[in-house]
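> For reference, the chains in residue letters:
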Amino acid sequence: MKGLFAPQSIKEFLALLAECGKNEKHLIAGGTDWLIKTRGNLSEEAVLFDLSKMPELRGIENKESFLRLGSMETMTSIHSSGVIRLHATALSDAAASMGSVQIRNRATVGGNLANASPAADTPSALAVLGASAVVFSLSGRRVLSVEEVLGPCPNKNTLSDSDIIMEFCIPLRKEYVSAFKKIGSRSEVSIARVNMAVSARYEDGNFSDARVFIGTLGSAAKRCPSAETALSMETSLREQSFKDALCEFAGQMIPGRSTLPYKKSALMALAEDLLEMLEERGRASEKSGEKSHG
Amino acid sequence: MDKRSYNYIGKNIIRCDAADKVQGRFLYLSDEPFPNALVGVILMSPHANATVRSIDVSEAIGIEGVEILTYLDIPSVKYNSGEWFPGQEDFPDETILTGHARHVGDRIALVMAETEEKARKARDLVRVEYEIMPAVTVLETAADMAGTLHEDGEKSFEGSLCYGDIDQAFSAAAYIESDTIATPKVHHAAMETHSVLAIPRPGNVIEVRTPCQITFGVQHSIAQVLKIPLSKIRVIKANMGGTFGGKQEVVFEVLCAWAANKLKRPVFINTTREETILSTRTRAAVKGKVETAVDAEGLILGRRFELTVDAGAYLTGTKKLMIAMGKKASRLYRIPALSYTGSVVRTSTTPAGACRGYGSPQIHTITEIHTDLMCRRLGFDPVGFRLKNLLKEFEEDLSGGANIGKARVIECLKRGAESFGWEENITPKVSRGRFFTGIGFACCTHGNGYYKTKYHDFSNMSLKILEDGSAILRASIHELGSGATTALAQIVGEVTGIDVSKITVTETDTQFTSYDSGCQASRVIYVCGECARLVSEAAVKMLTQEASKLLDKPVRFSQGSLVCEGKRLEIGGTVREIMKKRRVSIEANFEHRPEMNPASFGVHFAEVTVDKLTGLVKINRYLAVHDIGQAINESFVRGQIYGGIQMGIGMALCEELPYDSNGMPKARNFDKYHLINAPDMPDSEIILIEDGEPGGPFGAKSIGEISTVPVSAAIVNAVNRALGSSLTDLPLTPAKIVEAVADLKK
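Going down the list, the protein sequences come from chains A and B. First residue of the first sequence? That's 23 in my numbering, and the numbers climb one at a time after it. First residue of the second sequence? That's 452 in my numbering, and the numbers climb one at a time after it.
Isolated chain A (complex conformation) (with noise of 0.2 Å):
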């Protein structure tokens, strides 16, 4: 290891990350997932980033049209709040399932979603409410979609190792309900074998304008457009159709796979759920006359 920076600030960051040049560079976030990964096993040149002392990183806060979400909060931290509890409930439903209580104390929602795993739990709920990630590098700012981080590729974002996600944008949206549930081989302490996040819009029982993630199929945050379409029919046929158009979709993504019949049982349990929290937020906030769920 050649050496460990603190940066106080996202501009002592980028200085720092300026004089580095071509070292083998580690950003850690919460480091959950990097001490499993490297297990103390650095090279010589590896050079390593201490996010957690800048205050750019952090913050939960409702700025009107939007959350601003810091990239170093907690799964804790968030879903102890009560700001995403209500206007970003399956962002607070995912970092609830995720770990067990010391991984949610230091796991971060910026490492979640670099950390790239398809059976991560925040980045399909996070894409599921239309969230943004706003990353710094030497280059400058740029706002980029969940999917557009995660990419193509398996346990592979597509930032470059100077890039820094600061903070999320996540869009405040009325009349909006979002639920986002996970099926591992526990209750808890456990990693997803699938999970989903839902989000439409609300109104006397009915949806529209769903969005609809799945993680674990081959990435942790797929959108399902027949899934959104399905959300919207009538309710005679809505569960129906939804549970049909994820079970086509699973299909479509890991073919012939020998955990295809389970994850697709699976999808189906996930979609009765889901369904029932949306349903029961929705009412619950149509008799609260609180519309500003998302």
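I should point out that these hints are in silico values taken from the structure, not numbers from a laboratory. For glycine and all other residues, C-beta sits at the position ideal for the given N, C-alpha and C.
Simulated DEER-style distance windows between Cβ atoms:
| id | chain 1 | residue 1 | chain 2 | residue 2 | range |
| --- | --- | --- | --- | --- | --- |
| 1 | B | 536 | A | 67 | 50 to 60 Å |
| 2 | B | 1120 | A | 164 | 35 to 45 Å |
| 3 | B | 473 | A | 251 | 50 to 60 Å |
| 4 | A | 257 | B | 1195 | 22 to 32 Å |
| 5 | B | 1193 | A | 37 | 57 to 67 Å |
| 6 | B | 604 | A | 67 | 52 to 62 Å |
| 7 | A | 174 | B | 884 | 36 to 46 Å |
| 8 | A | 45 | B | 592 | 50 to 60 Å |
Stretches of chain B that chain A covers, calculated by requiring three or more beta carbons in the stretch to come under 8 Å of a beta carbon on chain A:
| id | stretch |
| --- | --- |
| 9 | 1062-1068 |
| 10 | 1120-1131 |
Once you have looked at the hints, place chain B on chain A.
Relative to chain A, chain B alone:
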């Protein structure tokens, strides 16, 4: 003695190592680097069945301080890691290192350096070229492929057991029912991974410190391979971070002792979780058919077994285990005629061996799932059927094994069924279209030692009462984490009246403690515990006799005190006077040879809810009822049962070590090997039936192994009742349940 007047028996005495453990002061082998020791890591085969074409250590050995021993350096002696006494004639097919790797994780070379990190780096620099051969992974064809895996010409290892007129039983039967059932290969998952330390000592003694279960067995294995006398091998049981049978057989001890002896330096071998999973031992997978002949009223007339046991790459103790399974088949139900044939085959997978229950979880899982499915098909009530056939107290084991003892299995079942609400909950329920709730139970038995088997069972201890009134029990105990040393201290305290906090119970050290058959066969509380009681009585007798001589007046021992002419004598003071004036120390020795080997029993009940879409099983309620004779320490007993439930659920639902067709393990670590964790553990209710077992200390008998025996069958029976399915291929993973539900619909 009236139970209610016990000072220590049945009391929740806090274990003597509790404070150290919770404060991190209780050190395990890998916590304490030994001065000047080489740290060894094993170069393991990445292939399932391959011979080494060439091995090049030049680059690795070039690193200063690195020592490497390979399969080319070893003594050619073959041994069997499950043999724990000379002359047991377990078939030897294993060497300490090998040029023919027979499973992923097999030992090719030992790479050593002053630090583990350096040893691991050096290991990565050893170049090995392999000639890869086909993997042997399918039980059904393993015997035919045996030649590619072993050069010894043995296709399989057979065993059988038969009594009664089996043909007559089957021809007289009103019903004949059979099922084919498979139990999985399972990792022990002790928190501590395997490690061992060997130190050359003056006088040509090799000292071996190992968290093991049979020090005298380790000594035997080392003597066999190194060709040195037993007296030159000192095996000390190290602090144990869990075993569950995984550390019962010798795994790295012989290799470590050999390396230390050869290099004349202490050698410490350490492993990671992955290495422990791949290269130590597993529970043996078993697959086979059980067939029962029943009369019109539901009495069992006869039972046939045809089972295949997966030994993994080496035979190890799995032939012993296969025979043990057969011997357990006649100790639960009254089976007038029985035929058991077992076949052990070797496959290119991690070797199997002992694992909590030693075949008992396998055989009882098989018979209890079968019994439930049979009752359903024949329309018999599963409780009534069992009540009719379960053994009663002091019945003989028809196979010729030891008398069954004070069996309370019928009481276990009756009390359990009532407490669990069996009758009221028998009908499965469906909610929200996809959640199926059902109940199940299973009965089981397990032993209490080796008496009346082919293995010798005895224990030799001495109790020394010191000049301050404290005491040391010098015993060859292996504390495995269950609290055995504290339980024995409670027994000594109860007999002698000495405060438990003033009693020290030693663990085994082959140089200083006397012979004991080891911590196996669920013998510790029944045999060693009784030995502790008897040696305590001998010490008390000696003390009263010596005190009588000292005072020239009759001294007797009453209610924990020495009494002379109505006056209480203080123990420490009396011992001091005896030592000074009579030049006698109070140390009694006793060798206990049990003449009984009764059965322990357990009946477990589970209520599960199965999600037919996710295939996940939630255990809503759990009840464990055990016939344990007498709890020495009730919280220890409960601890064993909770842990047994956790292991059994894993074997029923999620724990397995699968291999692909090339013999590549699909689970190498806890990311893919799934144990049940705390959030998924049910609230478990426990009922103990304590009617006092003759021959056990204060009536106690075993609990550690039996507590995991009925769990898997109880869970599987509940799932099958909930779904109306006949699942028999364990574990019932979500994918298997989803598939079964789809099949049921068709």
